[in-house]
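Sequences listed follow chains A and B, in order. All letters in the first sequence, in the order written, are residues 21 to 641 by this note's numbering. All letters in the second sequence, in the order written, are residues 193 to 283 by this note's numbering.
It cannot be assumed that every hint is accurate.
[Unchecked claim] Taking lysine-lysine and the BS3-like style, the derived pairs with C-alpha atoms no more than 27 Å apart in a straight line are:
hint, chain 1, residue 1, chain 2, residue 2
1, A, Lys-600, B, Lys-198
2, A, Lys-197, A, Lys-359
3, A, Lys-489, A, Lys-33
4, B, Lys-277, B, Lys-194
5, B, Lys-198, A, Lys-330
6, A, Lys-381, A, Lys-33
7, A, Lys-318, B, Lys-277
8, A, Lys-330, A, Lys-381
9, A, Lys-599, A, Lys-29
10, A, Lys-330, A, Lys-197
11, A, Lys-33, A, Lys-599
12, B, Lys-280, A, Lys-238
13, A, Lys-599, B, Lys-198
14, A, Lys-599, B, Lys-194
15, B, Lys-194, A, Lys-330
16, A, Lys-330, A, Lys-238
17, A, Lys-86, A, Lys-238
18, A, Lys-200, A, Lys-33
19, B, Lys-261, B, Lys-226
20, A, Lys-600, B, Lys-194
21, B, Lys-219, B, Lys-261
22, B, Lys-226, A, Lys-330
23, A, Lys-238, B, Lys-277
24, A, Lys-238, B, Lys-261
25, A, Lys-238, A, Lys-211
26, A, Lys-200, A, Lys-318
27, A, Lys-86, A, Lys-29
28, A, Lys-330, A, Lys-359
[To be verified] Computed spacing ranges between beta-carbons, pair by pair:
hint, chain 1, residue 1, chain 2, residue 2, range
29, B, Gly-245, A, Met-21, 18 to 28 Å
30, B, Gln-273, A, Ser-614, 49 to 59 Å
31, A, Ala-96, B, Leu-238, 53 to 63 Å
Keep in mind that the hints were calculated from the coordinates and are not lab data. Yeah, the Cβ is synthetic: ideal placement off N, Cα and C, and Gly gets one too.
Now for the letters of each chain:
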Amino acid sequence: MSITAETAKEHAKDPAVLCCRAEAGVTIEAANLEDPAIFDDLVDSNLLNLDGALTIEQVIGATLTKTCDSLTPLTADVLEGIQAVAAPAVEEAPAEEVPAPEAPAVPPVAPVAPHAPCAGGVLKIHIGEGKDIDIEMPMGFNHGAAMAEVPAQVVPVAAPVAEAELEPKVIRSVSRKHYKITEVRRGPETKIEGTVLYIREGIEEEAVASQELVHSLKIDIITPEQYHTYSETIMDVQPIATKEGEDEVGTGTTRVLDGVVVMVTGTDDNGVQIGEFGSSEGYLDENIMWGRPGAPEKGEIFIKTEVVIKEGTNMERPGPLAAHSATDVITQEIREALKSVEDDSLVVDTETFEQVRRPGKKKVVIVKEIMGQGAMHDNLILPIEPVGVLGARPNVDLGNVPVMVSPLEVLDGCIHALTCIGPASKEMSRHYWREPLVLEALHDEEVDLCGVLFVGSPQINAEKFYVSKRVGMMVEALDVDGAFVTTEGFGNNHIDFASHIEQIGMRGISVVGMSFCAVQGALVVGNKYMTHMVDNNKSESGIENEVLACNTLCHEDAIRALAMLKAAMAEEEVAKPEKKWNPNVKATNVELISKTMDKTIELVANEQSLPMSQKRKEKYD
Amino acid sequence: MKYGDKIIYMEGVIVEIHDGCVGIDLKGRLGYLKIPMRMLITDYPLVVGQEVGWNMSFVEQLGPEANEKYVSNLDTYQRRQEEMKSRKDDK
Chain A
21 MSITAETAKE HAKDPAVLCC RAEAGVTIEA ANLEDPAIFD DLVDSNLLNL DGALTIEQVI
81 GATLTKTCDS LTPLTADVLE GIQAVAAPAV EEAPAEEVPA PEAPAVPPVA PVAPHAPCAG
141 GVLKIHIGEG KDIDIEMPMG FNHGAAMAEV PAQVVPVAAP VAEAELEPKV IRSVSRKHYK
201 ITEVRRGPET KIEGTVLYIR EGIEEEAVAS QELVHSLKID IITPEQYHTY SETIMDVQPI
261 ATKEGEDEVG TGTTRVLDGV VVMVTGTDDN GVQIGEFGSS EGYLDENIMW GRPGAPEKGE
321 IFIKTEVVIK EGTNMERPGP LAAHSATDVI TQEIREALKS VEDDSLVVDT ETFEQVRRPG
381 KKKVVIVKEI MGQGAMHDNL ILPIEPVGVL GARPNVDLGN VPVMVSPLEV LDGCIHALTC
441 IGPASKEMSR HYWREPLVLE ALHDEEVDLC GVLFVGSPQI NAEKFYVSKR VGMMVEALDV
501 DGAFVTTEGF GNNHIDFASH IEQIGMRGIS VVGMSFCAVQ GALVVGNKYM THMVDNNKSE
561 SGIENEVLAC NTLCHEDAIR ALAMLKAAMA EEEVAKPEKK WNPNVKATNV ELISKTMDKT
621 IELVANEQSL PMSQKRKEKY D
Chain B
193 MKYGDKIIYM EGVIVEIHDG CVGIDLKGRL GYLKIPMRML ITDYPLVVGQ EVGWNMSFVE
253 QLGPEANEKY VSNLDTYQRR QEEMKSRKDD K
């Protein structure tokens, strides 16, 4: 199919190929050329060979000297009057993302060639024909001072809003008091004595009685020596935390137990896993990616409930919710015990999180898409206690519409995740408690994080677009410069994920998308605004590897996304994605960022670090 | 995969709808598929009897070995089901 003059301009540097037969003597124009978007497939299947092909900008206006068939690449020997094009500058490093360096990082600029236009806060330096480098970097978009380093011949720019530096403002803060637990025992009452947590004998019956659908509940206390035991599929991992006094989630003081987590597991009466499909049942130590934000740390004690719910309810909404609610009866009693601890000497550490607004900096928002298709694809929003059940609203009942929360509410357990399928990519309750992107954006002094917008992912497309339009309107009203859109897992949630990005992007706001994609989670739809993407994959082969939390958003992804959003807001070009998933793109970018920021970014391990039977190894990787 | 690029258009009928998944009978008695909701793209409200279509290829073995992890999980699952069944029968 021929292309328009506009498309030809966009693809000026792409190879020129005839879209249909053209007679000798014809003057080549856009209408004679094929759309370069389809070339990859043709080259792959050997239908097209682009060797020696001229670029579109070279051939437009040239005359064909020989009659050629369709899909003939235009080379110098069939054309007359080829357009001379300025010697192409040395290509930029094929980076998916170019990080925003600190202002003083400006390299020596002596050999600056004729033009070095400064626009929109971006300094472009072209080094003529040299075989060295072509540097393009955002000039610390908020420090007008950085411009001083620009060489004299550069046209002075209207210094980007060099207003008086506005002071950062602390809006609210949350303190976390950590209590260390080294042993969990059963006893006559639930209490904390020193570093020992006692859980009342017989509490199981009350937990069962609290939920009609729950038929039995067993508590296992798993110590590190017992990691190699069989477990039903892990539905959730939760921190045990409570608010002090009248404090609400997101403000005041939170008490949290260190060294112990609650783990929800279960089946229905027929032994069918709750949360079928790619379950993580099996030996705990082979199925948990330790240390992921949502997963347990190695060395922690698990208070693991094994809930049995009424047969056939494992795939209906009330089933998984009942399993979570029954478990919360136990957690709630531990919270009460934690509340009543009076001995302050048991506090081993106090952390304070401040929500800082940074007026004058680039304003950004995090849009987190959470599952809302029903059953275990649901999340309880804003419980009274951190990661509790009471007082929370299921996001499905809220109609999946966007809900704005503060970054501190996220870190203080405002999401109780029922978590979906795909153990490797699901974000469990603990994930939000340690959400790396929120932490990273909150602490970054170059951006002004205004809030976190949770939006559910409904099942039906019409509803998906309904909610994503609301996201667009809300983000527009926020007047932000940039936005992150994250999602967990893959499937039809990628439809609204793409739509959120479109709704934000079409309003002229820079947007970075984050999802597990790689091989198995390849995006099902796309649009022209999906240019800045970060893949959360960690697995060796790019698949859902059934290892809990392996492919979830980690610190390293947050760093990449933040660097990318900064680059996007500074109107940096981002290299096009490769046709197929290539893990090297991530490696290159991480290297670039750590070089520019002069700090080592430690990458997390993947499933290869776990004990694994030889056979599984052969099959998967 | 040896035959991965042999993609075939398949059709089926939705025979079960749950909050979290749907069951699909492949037309021509070619099998049954149970998929989580999020792997189904729905332009209309779901109703039993709706026809669905998708592309798939033949299913190939990846190798001759059985994966012990899955064998052991399957054993546990079957043993558990029997235990639960006998517990129910006792009631």
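Evaluation of the provided hints:
1. A:Lys-600 / B:Lys-198: Distance of about 19 Å is within 27 Å: holds.
2. A:Lys-197 / A:Lys-359: Given that 27 Å is the threshold and the Cα spacing comes to 11 Å, the pair holds.
3. A:Lys-489 / A:Lys-33: violated (35 Å)
4. B:Lys-277 / B:Lys-194: With Cα atoms ~42 Å apart, Lys-277 of chain B and Lys-194 of chain B exceed 27 Å; violated.
5. B:Lys-198 / A:Lys-330: Violated - the C-alpha atoms of Lys-330 of chain A and Lys-198 of chain B are around 42 Å apart, more than 27 Å.
6. A:Lys-381 / A:Lys-33: Given that 27 Å is the threshold and the Cα spacing comes to 35 Å, the pair is violated.
7. A:Lys-318 / B:Lys-277: Given that 27 Å is the threshold and the Cα spacing comes to 36 Å, the pair is violated.
8. A:Lys-330 / A:Lys-381: Not OK: Lys-330 of chain A and Lys-381 of chain A at ~53 Å, beyond 27 Å, violated.
9. A:Lys-599 / A:Lys-29: Distance of about 22 Å is within 27 Å: holds.
10. A:Lys-330 / A:Lys-197: Distance of about 39 Å is beyond 27 Å: violated.
11. A:Lys-33 / A:Lys-599: Status holds; Cα separation ~18 Å.
12. B:Lys-280 / A:Lys-238: holds (18 Å)
13. A:Lys-599 / B:Lys-198: Within the cut-off at roughly 20 Å; holds.
14. A:Lys-599 / B:Lys-194: With a Cα-Cα distance of about 21 Å, the restraint between Lys-599 of chain A and Lys-194 of chain B holds, given a limit of 27 Å.
15. B:Lys-194 / A:Lys-330: Violated, at about 43 Å.
16. A:Lys-330 / A:Lys-238: holds (15 Å)
17. A:Lys-86 / A:Lys-238: Roughly 81 Å between the alpha carbons, so the hint for Lys-86 of chain A and Lys-238 of chain A is violated.
18. A:Lys-200 / A:Lys-33: Since the Cα atoms of Lys-200 of chain A and Lys-33 of chain A sit roughly 61 Å apart, the hinted pair is violated (cutoff 27 Å).
19. B:Lys-261 / B:Lys-226: holds (22 Å)
20. A:Lys-600 / B:Lys-194: Within the cut-off at roughly 19 Å; holds.
21. B:Lys-219 / B:Lys-261: The given pair, whose Cα atoms are some 33 Å apart, is violated under the 27 Å limit.
22. B:Lys-226 / A:Lys-330: Satisfied, since the Cα-Cα distance of roughly 20 Å is no more than 27 Å.
23. A:Lys-238 / B:Lys-277: Given pair Lys-238 of chain A, Lys-277 of chain B holds - Cα atoms ~18 Å apart, limit 27 Å.
24. A:Lys-238 / B:Lys-261: Holds. Lys-238 of chain A to Lys-261 of chain B sits at ~24 Å (cutoff 27 Å).
25. A:Lys-238 / A:Lys-211: Distance ~19 Å between Lys-238 of chain A and Lys-211 of chain A Cα, so the pair holds.
26. A:Lys-200 / A:Lys-318: holds (15 Å)
27. A:Lys-86 / A:Lys-29: holds (25 Å)
28. A:Lys-330 / A:Lys-359: Measuring from Cα to Cα gives roughly 34 Å; hence the hint is violated.
29. B:Gly-245 / A:Met-21: 18 to 28 Å: Distance hint for Gly-245 of chain B, Met-21 of chain A holds at roughly 26 Å.
30. B:Gln-273 / A:Ser-614: 49 to 59 Å: holds (51 Å)
31. A:Ala-96 / B:Leu-238: 53 to 63 Å: holds (58 Å)
Hint violations for this structure: numbers 3, 4, 5, 6, 7, 8, 10, 15, 17, 18, 21, 28, all remaining hints satisfied.
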